[in-house]
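> Using the sequences and the hints given, assemble the complete structure.
2 protein chains.
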Amino acid sequence: MRAQLRAPAVSAARRAAPFSTAVAKEFDIPKATIAKPPDYGQLNPPPRLMLGPGPSNAWPRVYTAMATPMVGHMDAHFIQLMEEAKELLRYTWQTKNMFTVPVSGTGSAAWEAAHANLTEYGDVTLCAVNGYFGERAVDMSSRYTNNVARIDRPWGEVFTLDELKEAFAKYKPQLFWIAHAETSTGARQPLEGVAELCRQYDCLLLADTVTSIGGVPLFIDDWGIDAAYAGGQKALGIPPGMAPLTFGERALDKMSRRKEPVKNWYLDMNMIRKYMVSDGSGAPRSYHHTAPISMLYAFREGLKVLSEEGLENSWRRHRTVGEYFWEGLAEIGLKPHVAHAHRLPTLTTVKIPEGVDGKKVVKHCLDNYNIEIAGGLGSLAGVVWRIGFMGYNSKKENVQLLLAAFKTALKEQGKLKM
Amino acid sequence: MRAQLRAPAVSAARRAAPFSTAVAKEFDIPKATIAKPPDYGQLNPPPRLMLGPGPSNAWPRVYTAMATPMVGHMDAHFIQLMEEAKELLRYTWQTKNMFTVPVSGTGSAAWEAAHANLTEYGDVTLCAVNGYFGERAVDMSSRYTNNVARIDRPWGEVFTLDELKEAFAKYKPQLFWIAHAETSTGARQPLEGVAELCRQYDCLLLADTVTSIGGVPLFIDDWGIDAAYAGGQKALGIPPGMAPLTFGERALDKMSRRKEPVKNWYLDMNMIRKYMVSDGSGAPRSYHHTAPISMLYAFREGLKVLSEEGLENSWRRHRTVGEYFWEGLAEIGLKPHVAHAHRLPTLTTVKIPEGVDGKKVVKHCLDNYNIEIAGGLGSLAGVVWRIGFMGYNSKKENVQLLLAAFKTALKEQGKLKM
Numbered sequence: 001m002r003a004q005l006r007a008p009a010v011s012a013a014r015r016a017a018p019f020s021t022a023v024a025k026e027f028d029i030p031k032a033t034i035a036k037p038p039d040y041g042q043l044n045p046p047p048r049l050m051l052g053p054g055p056s057n058a059w060p061r062v063y064t065a066m067a068t069p070m071v072g073h074m075d076a077h078f079i080q081l082m083e084e085a086k087e088l089l090r091y092t093w094q095t096k097n098m099f100t101v102p103v104s105g106t107g108s109a110a111w112e113a114a115h116a117n118l119t120e121y122g123d124v125t126l127c128a129v130n131g132y133f134g135e136r137a138v139d140m141s142s143r144y145t146n147n148v149a150r151i152d153r154p155w156g157e158v159f160t161l162d163e164l165k166e167a168f169a170k171y172k173p174q175l176f177w178i179a180h181a182e183t184s185t186g187a188r189q190p191l192e193g194v195a196e197l198c199r200q201y202d203c204l205l206l207a208d209t210v211t212s213i214g215g216v217p218l219f220i221d222d223w224g225i226d227a228a229y230a231g232g233q234k235a236l237g238i239p240p241g242m243a244p245l246t247f248g249e250r251a252l253d254k255m256s257r258r259k260e261p262v263k264n265w266y267l268d269m270n271m272i273r274k275y276m277v278s279d280g281s282g283a284p285r286s287y288h289h290t291a292p293i294s295m296l297y298a299f300r301e302g303l304k305v306l307s308e309e310g311l312e313n314s315w316r317r318h319r320t321v322g323e324y325f326w327e328g329l330a331e332i333g334l335k336p337h338v339a340h341a342h343r344l345p346t347l348t349t350v351k352i353p354e355g356v357d358g359k360k361v362v363k364h365c366l367d368n369y370n371i372e373i374a375g376g377l378g379s380l381a382g383v384v385w386r387i388g389f390m391g392y393n394s395k396k397e398n399v400q401l402l403l404a405a406f407k408t409a410l411k412e413q414g415k416l417k418m
Numbered sequence: 001m002r003a004q005l006r007a008p009a010v011s012a013a014r015r016a017a018p019f020s021t022a023v024a025k026e027f028d029i030p031k032a033t034i035a036k037p038p039d040y041g042q043l044n045p046p047p048r049l050m051l052g053p054g055p056s057n058a059w060p061r062v063y064t065a066m067a068t069p070m071v072g073h074m075d076a077h078f079i080q081l082m083e084e085a086k087e088l089l090r091y092t093w094q095t096k097n098m099f100t101v102p103v104s105g106t107g108s109a110a111w112e113a114a115h116a117n118l119t120e121y122g123d124v125t126l127c128a129v130n131g132y133f134g135e136r137a138v139d140m141s142s143r144y145t146n147n148v149a150r151i152d153r154p155w156g157e158v159f160t161l162d163e164l165k166e167a168f169a170k171y172k173p174q175l176f177w178i179a180h181a182e183t184s185t186g187a188r189q190p191l192e193g194v195a196e197l198c199r200q201y202d203c204l205l206l207a208d209t210v211t212s213i214g215g216v217p218l219f220i221d222d223w224g225i226d227a228a229y230a231g232g233q234k235a236l237g238i239p240p241g242m243a244p245l246t247f248g249e250r251a252l253d254k255m256s257r258r259k260e261p262v263k264n265w266y267l268d269m270n271m272i273r274k275y276m277v278s279d280g281s282g283a284p285r286s287y288h289h290t291a292p293i294s295m296l297y298a299f300r301e302g303l304k305v306l307s308e309e310g311l312e313n314s315w316r317r318h319r320t321v322g323e324y325f326w327e328g329l330a331e332i333g334l335k336p337h338v339a340h341a342h343r344l345p346t347l348t349t350v351k352i353p354e355g356v357d358g359k360k361v362v363k364h365c366l367d368n369y370n371i372e373i374a375g376g377l378g379s380l381a382g383v384v385w386r387i388g389f390m391g392y393n394s395k396k397e398n399v400q401l402l403l404a405a406f407k408t409a410l411k412e413q414g415k416l417k418m
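Chains as they are written, first to last, in the UniProt record's numbering: chain A, 1 to 418; chain B, 1 to 418.
It is possible that some hints are incorrect.
If several chains are the same, the list does not tell them apart, and a pair holds so long as it fits within one copy or across any two.
What the hints assert, rightly or not - Dumping the calculated SDA-like pairs for lysine to any residue here, alpha-carbon to alpha-carbon at most 25 Å: (1) Lys259 to Thr145; (2) Lys363 to Phe159; (3) Lys259 to Asp123; (4) Lys351 to Leu329; (5) Lys259 to Ala149; (6) Lys335 to Asp357; (7) Lys36 to Gly280; (8) Lys335 to Thr68; (9) Lys259 to Val138; (10) Lys36 to Phe99; (11) Lys259 to Glu120; (12) Lys407 to Asp279; (13) Lys274 to Phe99; (14) Lys36 to Val277; (15) Lys96 to Ala35; (16) Lys396 to Pro60; (17) Lys411 to Thr160; (18) Lys351 to Asp221; (19) Lys96 to Tyr201; (20) Lys395 to His340; (21) Lys395 to Glu312; (22) Lys259 to Val124; (23) Lys274 to Glu135; (24) Lys259 to Asp139; (25) Lys360 to Ser286; (26) Lys363 to Asp279.
In short, the hints are calculated from the structure, not lab data.
This is the structure:
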């Protein structure tokens with residue numbers, strides 16, 4: 001039916017219809033005035049195995065989904081896919097929060113959305129800084145309020161509940177930021193008792209779950225987390241470009257009590273809510289911005305892959321592979337930077353031994369194995385490597401390959417003690 | 001070589017290594033406490049022909065590029081692809097601006113980046129409002145300054161230089177926003193003399209080129225535009241998710257004179273500059289956020305497709321197809337909303353005739369032809385349809401198919417006068 005419609009007869013005269021005079025004038029551009037285009041080759045990236053802090057390689061199914069032809073961002077079919085993605089995300093985070101959405105940007109955009117929407121100028125934000133991303137939290141929240149307090153811990157350690165209690169008593173924050181998973185150190189923060197502490201001070205609990213979502217046990221509702229964000233490019237195996245965000249009732253209540261509009265248009269969740277979250281009335285969604293359609297396809301597919309494996313199985317897989325890696329490290333004389341009890345199975349910081357050129361090892365892995373790993377950030381630069389086995393990449397054969405690469409890299413420097 | 005490395009021998013004992021006691025405890029979760037995942041079907045979107053205001057269907061090559069396996073966002077290969085994308089974007093916009101970058105979000109993010117970086121609280125922003133997106137400019141800039149002035153014109157018309165002169169004399173703005181192409185009305189604003197006016201008042205000229213880039217003659221440098229943003233999902237044929245932004249010398253100078261940090265972390269171009277723009281020293285790029293790698297592949301490929309066609313050829317194609325569509329409209333008794341002299345060839349607003357149910361026509365096109373078109377926004381809701389032939393979709397057979405759809409839609413309502 002459609003094929004017949006697509007090629008109707010067109011008269012030769014009409015095909016040859018000339019521009020009007022005005023149009024002809026518009027196109028009367030001397031050739032010399034138009035700058036020439038550059039001439040680049042065909043897209044042909046090297047086949048990297050990405051075992052750094054993310055992005056990880058995406059699931060093959062996710063690439064296929066992403067390349068599926070688009071429908072419009074207001075199309076009923078797209079709205080349905082968005083609803084499915086949201087529900088899959090609720091499962092992944094173990095939350096019933098209605099406001100659980102993919103943000104149209106990378107993880108940092110979802111993160112900023114939390115600060116922008118949940119603070120008003122003058123509010124006290126307390127940031128628990130035990131890594132590079134804690135510093136970012138301080139910077140980001142300082143764009144939205146003049147009262148940013150911080151508590152610090154050496155990078156790679158975690159906070160005790162008593163330390164947090166002391167800080168709350170001192171600063172009486174309205175928003176508390178803490179990394180469940182510090183992507184710069186690979187430390188996992190226990191959150192027992194933190195939600196109760198926040199409630200005691202009428203404070204919102206905002207958790208960074210970028211490197212824990214899908215890879216580490218995490219229960220947004222059971223743990224009383226009021227707001228959280230994540231990235232898709234780590235344990236979820238989705239290319240970066242769309243990022244998970246969830247707000248619970250207490251967060252939504254804070255939003256509804258705002259005196260001033262959100263000081264950020266693109267991330268204004270009061271507006272995005274009208275597009276992404278049904279009010280239950282059956283009223284049509286309101287256009288805000290054009291959602292990244294292909295990214296939503298990828299996002300939904302990645303979450304679907306996880307749901308088919310089962311959340312608990314994914315957690316176990318990441319843990320098994322993490323332990324397997326740590327055992328392998330010990331065998332070649334390398335040590336993780338974070339204590340075992342607080343170590344993320346998704347991402348490990350490994351101490352660069354005395355006398356080893358860390359950058360040379362990174363280069364060796366890339367040049368000889370097409371493996372990407374990363375160095376440390378901030379005060380851990382030159383001190384650790386960051387190595388992740390996340391999502392699609394979390395499998396024992398990748399551990400074996402990386403260990404093989406480390407062996408030849410250390411041998412090259414004459415540093416392998418075995 | 002690699003295949004040999006990937007499957008080394010692993011002892012059976014090691015494979016079966018149990019969790020430590022602590023880990024076993026962590027995974028001692030009663031099955032009932034983990035909420036079940038939903039069970040959705042395979043991704044299977046309907047084959048839409050998107051002839052609304054965007055997104056348009058992407059070039060097939062762009063989908064293929066997007067699904068190419070990723071490399072890391074700090075990988076030298078990725079930095080090279082980013083440089084190529086930037087250079088292709090310079091060609092597309094006909095600018096030599098060093099600061100010409102893809103923003104990690106959709107068009108609205110690139111737009112907000114301009115306001116966030118180029119205004120400080122207290123600055124006067126003047127917005128030329130002749131459509132829905134003019135209203136958005138007022139809203140967006142009000143997030144960053146308390147002095148937002150506006151001049152208005154009926155939606156579908158354009159401003160004269162004298163009107164702008166009068167407004168400048170009255171408000172003395174530091175930033176002037178104007179839509180080169182108003183995506184809600186399909187009007188094309190002539191910009192002759194506007195840059196000179198801006199310079200006279202030491203004001204930056206910020207142009208919305210979302211629906212003109214690649215489809216309509218546009219010369220950022222020759223026309224003296226200080227800052228511009230666009231979308232990829234219209235005449236460039238790229239899925240939404242990464243958006244063009246350019247700042248000229250005067251805009252960069254304003255940024256460097258800021259007294260306060262940019263009130264937006266994700267879009268802080270002082271930081272993004274260190275990642276995306278080389279300072280020429282050969283120093284390594286600084287990490288800011290994880291760029292949407294797959295979107296950058298798509299972005300580069302879409303611009304490459306355009307560069308291979310040639311900018312002028314693309315402009316001519318859009319114009320030819322636009323004129324062809326307007327002639328066809330006349331044949332079935334329909335009229336564009338915008339006067340011919342100021343009509344965008346990329347996007348046409350078509351008047352809904354007296355007595356015709358506009359929504360029914362939209363539904364008819366979707367249900368019977370899988371064609372997406374859109375209604376009007378704001379004060380043009382119920383007054384016009386918005387129809388675009390952009391990028392990959394700008395071809396005569398699509399015009400013919402849409403006209404066929406309109407004929408049967410109008411016949412269905414007993415409104416076709418032929």
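> Does each hint hold? Answer for all of them.
Hint check:
| no. | hint | in the structure |
| --- | --- | --- |
| 1 | Lys259 to Thr145 | both (14 Å within a copy, 17 Å between copies) |
| 2 | Lys363 to Phe159 | neither (34 Å within a copy, 57 Å between copies) |
| 3 | Lys259 to Asp123 | both (12 Å within a copy, 22 Å between copies) |
| 4 | Lys351 to Leu329 | within (10 Å within a copy, 70 Å between copies) |
| 5 | Lys259 to Ala149 | both (22 Å within a copy, 23 Å between copies) |
| 6 | Lys335 to Asp357 | within (16 Å within a copy, 71 Å between copies) |
| 7 | Lys36 to Gly280 | between (53 Å within a copy, 23 Å between copies) |
| 8 | Lys335 to Thr68 | neither (44 Å within a copy, 35 Å between copies) |
| 9 | Lys259 to Val138 | both (23 Å within a copy, 19 Å between copies) |
| 10 | Lys36 to Phe99 | between (48 Å within a copy, 19 Å between copies) |
| 11 | Lys259 to Glu120 | both (8 Å within a copy, 21 Å between copies) |
| 12 | Lys407 to Asp279 | neither (57 Å within a copy, 37 Å between copies) |
| 13 | Lys274 to Phe99 | within (11 Å within a copy, 34 Å between copies) |
| 14 | Lys36 to Val277 | between (46 Å within a copy, 22 Å between copies) |
| 15 | Lys96 to Ala35 | between (55 Å within a copy, 10 Å between copies) |
| 16 | Lys396 to Pro60 | within (18 Å within a copy, 36 Å between copies) |
| 17 | Lys411 to Thr160 | neither (40 Å within a copy, 73 Å between copies) |
| 18 | Lys351 to Asp221 | neither (35 Å within a copy, 51 Å between copies) |
| 19 | Lys96 to Tyr201 | within (24 Å within a copy, 54 Å between copies) |
| 20 | Lys395 to His340 | within (20 Å within a copy, 62 Å between copies) |
| 21 | Lys395 to Glu312 | within (16 Å within a copy, 51 Å between copies) |
| 22 | Lys259 to Val124 | both (16 Å within a copy, 23 Å between copies) |
| 23 | Lys274 to Glu135 | between (33 Å within a copy, 18 Å between copies) |
| 24 | Lys259 to Asp139 | both (23 Å within a copy, 16 Å between copies) |
| 25 | Lys360 to Ser286 | between (52 Å within a copy, 19 Å between copies) |
| 26 | Lys363 to Asp279 | between (52 Å within a copy, 23 Å between copies) |
The structure fails hints 2, 8, 12, 17, 18 (numbered hints given earlier, in ascending order).
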